[in-house]
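Student: Now for the letters of each chain:
There are 2 protein chains.
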Amino acid sequence: MKLTYNKSRVSEEEIVTIGEQLSSYAEHLKEVLQHGYEDEESSINLPSDKELMESVGAAVRDKNTTSLKYILVIGIGGSNLGTKAIYDALYGHFDILEPSRMPKMIFLDTTNPAFLAHLESFFDKEITNEEEVVINVISKGGSTTETVVNAELALGMLRKKYAGIMNRLVVTTDFGSLLWKIAEEKDITRLSIPEKVGGRYSVLSAVGLFPLAKAGVNVTSLLSGALEMRERCLSLDIGKNPAMASAAALFINYRRGKTINDNFIFHPELESLGKWYRQLLGESIGKEHNREGEVVHIGITPTISIGSTDLHSVGQLYLGGPEDKLTTFISAEYDKRGSVVTPEVFAGVLSGVAGKKPADVAEAILKGVKIAYEKKGLPFMEALLPDITPASLGAFMQFKMMEMMYLGQLFNVNPFDQPNVELYKIETKNILNS
Amino acid sequence: MKLTYNKSRVSEEEIVTIGEQLSSYAEHLKEVLQHGYEDEESSINLPSDKELMESVGAAVRDKNTTSLKYILVIGIGGSNLGTKAIYDALYGHFDILEPSRMPKMIFLDTTNPAFLAHLESFFDKEITNEEEVVINVISKGGSTTETVVNAELALGMLRKKYAGIMNRLVVTTDFGSLLWKIAEEKDITRLSIPEKVGGRYSVLSAVGLFPLAKAGVNVTSLLSGALEMRERCLSLDIGKNPAMASAAALFINYRRGKTINDNFIFHPELESLGKWYRQLLGESIGKEHNREGEVVHIGITPTISIGSTDLHSVGQLYLGGPEDKLTTFISAEYDKRGSVVTPEVFAGVLSGVAGKKPADVAEAILKGVKIAYEKKGLPFMEALLPDITPASLGAFMQFKMMEMMYLGQLFNVNPFDQPNVELYKIETKNILNS
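Here the protein sequences come in this chain order: V and G. If you count the first sequence from 1, position 326 lands on 312 in the working numbering, and the numbers rise without skipping. If you count the second sequence from 1, position 134 lands on 120 in the working numbering, and the numbers rise without skipping.
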């Protein structure tokens, strides 16, 4: 992955100053590598955790069947966004075009009555044997309302039909949570999440690895991509450390009123990757209090746009409206296979596309947009992936998770907590219990 | 649909003042009803256009087959967002659970090399007969790069296999555009868009009606829902006019620094409806110049959040972060069918859910969130749909399109143009032609 920030309207001097400011924290992160899962930043130890790979591998083998058709991922927020990001990038976005490719993932996150009603007929029509499904229930704390409700309902539907369905279930939760204990009593397969690894930093733990491995994703490549990136993001030289540089550009632009970070992704199959980052940035930096407990109401609002689609939707707003955004263009080198355009049916409507490949057209649009942004003085960064593979996705996600740690330092907030979400949870629990 | 704005932190007095300010414009809109498609607001005439329904009906009948499996919608921005909003709400969100329900819609918007590569094998494997597909190419101006490129490539793939595929094609464009003329020469079925109806206001024209009718959506209900709402949104009494009231709340909150309008939708199947509105608000009000040509860089940044999913993603940011958002909670009365939750597998993990239906849980979460927002002093409106049906969707969309017209008045901008998108289009064309 290549990060370019020379159009972010941040001077080299400013970048260097931030680099100096963050160097002791980079030293701290290097120490975290020696401490297992003790520190709040310990998610950076996941890509090199051999025991983790073994336990996930064992569960994957335990649930092996020759007829697997569907992986039911029951989890919400940090429990499914990373998995969905990778699945959609590699497979999910194309599922509509590949009705017979199996296994497919089905995600149950919120409790949606309409979706659950469809699920019941889906089980009746599409599942003929328990070996055709694997169910992964994922809840870090173990008592997420939506997840437990969805799991009870889905399992209730399946238990009526298949006596052995409990053997097709894997529970992923913190070791020792109430959910863990219940699963243990009932001899349900369990995978643990290290306590200090928060949901939004957990994609490279069993949370993501188990369902992705079941879906056929090369999780070894995913982790090795992350591992390589981890090395880069530990560098004390900000010029060689994309996480530090990106954090610097976000922070400096925020101080100049760019309170929105638009992630403009030029591959629709990466939309879910954008949504994963949306949680990471939104929840990690959006805070009522700083580290000293002072009221700050700070945060960057992340938005996800898809190119070229959203140029025809919010392009007008971005190019003409309020100058409150720092854009991160995210793209991968385009696949140059595929036919060239030969205008036949509509010959004469369009100039400049004859003999071009779809990749050439997509590239020309992205280039055109960048020139337009530059002419308008709109700040932007670019993250260019070499391709859309598990290794590149792992690298990108590791980059962003470490960017968030540096960003927490710059904003002087705790990028690992989310105290304000308790507000609605308390009200909801009161309503449900009244 | 019921709009509630008493938690938008706007006083009744302010609302009334805005209502007075907008009443002459409401009078103007009533006159537009007498002028066919002459005025820039003339999209409000679509729901009562009998000729339109006849021409769409004729095209639908002309393409009738007993074996229709896929409707290929080739268009971008205003040419597909409305169609996708309605299709996804009624069918698309559940397509993964209904592999054998037909016909399905497939959307080609941006030129995505990976999607196009999958499309080629999809045609080979899933289409055995030209009567199984209908292709609708939609481009208002007729020369949208992505649309023409995608159309040429998709038709190129199909023409190799099916001699009669051109009979399965419908072109929707402005009467007299170059695309129209070429289609006419080649005797391709054509549907026209009234010139003054801009892309983002065109869902109730042939743009949306043809593909939706082919997919089995009751477009008569869609239009009658819109028609009823049109009457409400022409009222001079702002208390009875949801479009006017919503515009007032958005405008007053914008002046107080709420530069983001978060549309927090509590039904995941309405996410595409949110994206349709994102274009409508983003492109209509996000402007470099006001009506007098002065540089203003004005606009509200629309965001789409899905409840309860995104409470586990950006809920922390919304409840704790910068106070720069006006939220519109969008929901429909929940479907109260479905089983009750009977904690069995994970009994004891969660209190308060036993005997509840998924709808009760979803409702409790939404209520809990609203209480939390209120306690935090965060302004919000609520749009409550009676159900998720074509009539309710038509009503909601008509409400929002007329809200935008009132909002254009308040912001003193032209809500029907999008001059700044030309900036990147020029650069892209230069690159493609060099």
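It is worth saying that the hints were derived from the structure and are not from the lab. Wrong hints could be hidden among the right ones.
Identical copies go unnamed one by one, so any copy, or any two together, can satisfy a pair.
For lysine-lysine, the following BS3-like pairs were computed, each having C-alpha atoms within a straight-line distance of at most 25 Å [stated by the list, open to error]:
(1) 16 <-> -12
(2) 55 <-> 362
(3) 356 <-> 111
(4) 411 <-> 342
(5) 411 <-> 356
(6) 90 <-> 111
(7) 342 <-> 146
(8) 415 <-> 356
(9) 415 <-> 361
(10) 226 <-> 147
(11) 111 <-> 55
(12) -12 <-> 353
(13) 362 <-> 167
(14) 55 <-> 146
(15) 226 <-> 356
(16) 90 <-> 356
(17) 415 <-> 353
(18) 356 <-> 55
(19) 36 <-> 362
Student: Taking the hints in turn, state whether each one holds.
Tutor: Taking the hints in turn, this is what the structure says about them:
1. Taking CA atoms no more than 25 Å apart as the test, residue 16 paired with residue -12 passes inside one copy only; the shortest distance there is 22 Å, against 56 Å between copies.
2. Within a single copy, residue 55 and residue 362 get their C-alpha atoms no closer than 50 Å, and across copies no closer than 46 Å, so neither meets the 25 Å cut-off.
3. Taking CA atoms no more than 25 Å apart as the test, residue 356 paired with residue 111 passes in neither setting, with 48 Å inside one copy and 38 Å between copies.
4. For the homomeric pair residue 411 and residue 342, the shortest alpha-carbon distance between copies (17 Å) is at most 25 Å, but the shortest distance inside one copy (53 Å) is not.
5. In this assembly of identical chains, residue 411 and residue 356 lie within 25 Å of each other by CA distance solely across copies; the values are 11 Å between and 42 Å within a copy.
6. Taking the shortest alpha-carbon separations for residue 90 and residue 111, both the intra-copy value of 16 Å and the inter-copy value of 18 Å come in at or below 25 Å.
7. Taking the shortest alpha-carbon separations for residue 342 and residue 146, only the inter-copy value of 20 Å comes in at or below 25 Å, while the best intra-copy value is 55 Å.
8. Taking the shortest Cα distances, residue 415 and residue 356 sit within 25 Å of each other only across copies (13 Å), while inside one copy they are farther apart (48 Å).
9. Within a single copy, residue 415 and residue 361 get their C-alpha atoms only as close as 52 Å, which misses the 25 Å cut-off; across copies the closest is 16 Å, which meets it.
10. In this homomeric assembly, residue 226 and residue 147 never come within 25 Å of each other (Cα to Cα): the closest approach is 56 Å inside a single copy and 52 Å across copies.
11. Taking the shortest Cα distances, residue 111 and residue 55 sit within 25 Å of each other both inside one copy (13 Å) and across copies (19 Å).
12. Taking identical chains as interchangeable, the C-alpha atoms of residue -12 and residue 353 lie at most 25 Å apart only when both belong to the same chain, with a minimum of 16 Å there against 45 Å between chains.
13. In this assembly of identical chains, residue 362 and residue 167 lie within 25 Å of each other by CA distance neither inside one copy nor across copies; the values are 58 Å within and 36 Å between.
14. In this homomeric assembly, residue 55 and residue 146 come within 25 Å of each other (Cα to Cα) only inside a single copy, at 19 Å, whereas the closest approach across copies is 33 Å.
15. Proximity of residue 226 and residue 356 under a CA criterion of 25 Å is satisfied intra-copy only: 23 Å inside one chain copy versus 45 Å between copies.
16. In the homo-oligomer, the alpha carbons of residue 90 and residue 356 never lie at most 25 Å apart, since the shortest distance is 36 Å inside one protomer and 36 Å across protomers.
17. For a Cα distance limit of 25 Å, the shortest separation of residue 415 from residue 353 across copies, 11 Å, qualifies, whereas the shortest one inside one copy, 50 Å, does not.
18. Taking identical chains as interchangeable, the C-alpha atoms of residue 356 and residue 55 are never at most 25 Å apart, the minima being 42 Å within one chain and 40 Å between chains.
19. Neither within a single protomer nor between protomers do residue 36 and residue 362 lie at most 25 Å apart by alpha-carbon distance, with minima of 49 Å and 45 Å respectively.
Consistency note: the structure conflicts with the earlier hints numbered 2, 3, 10, 13, 16, 18, 19.
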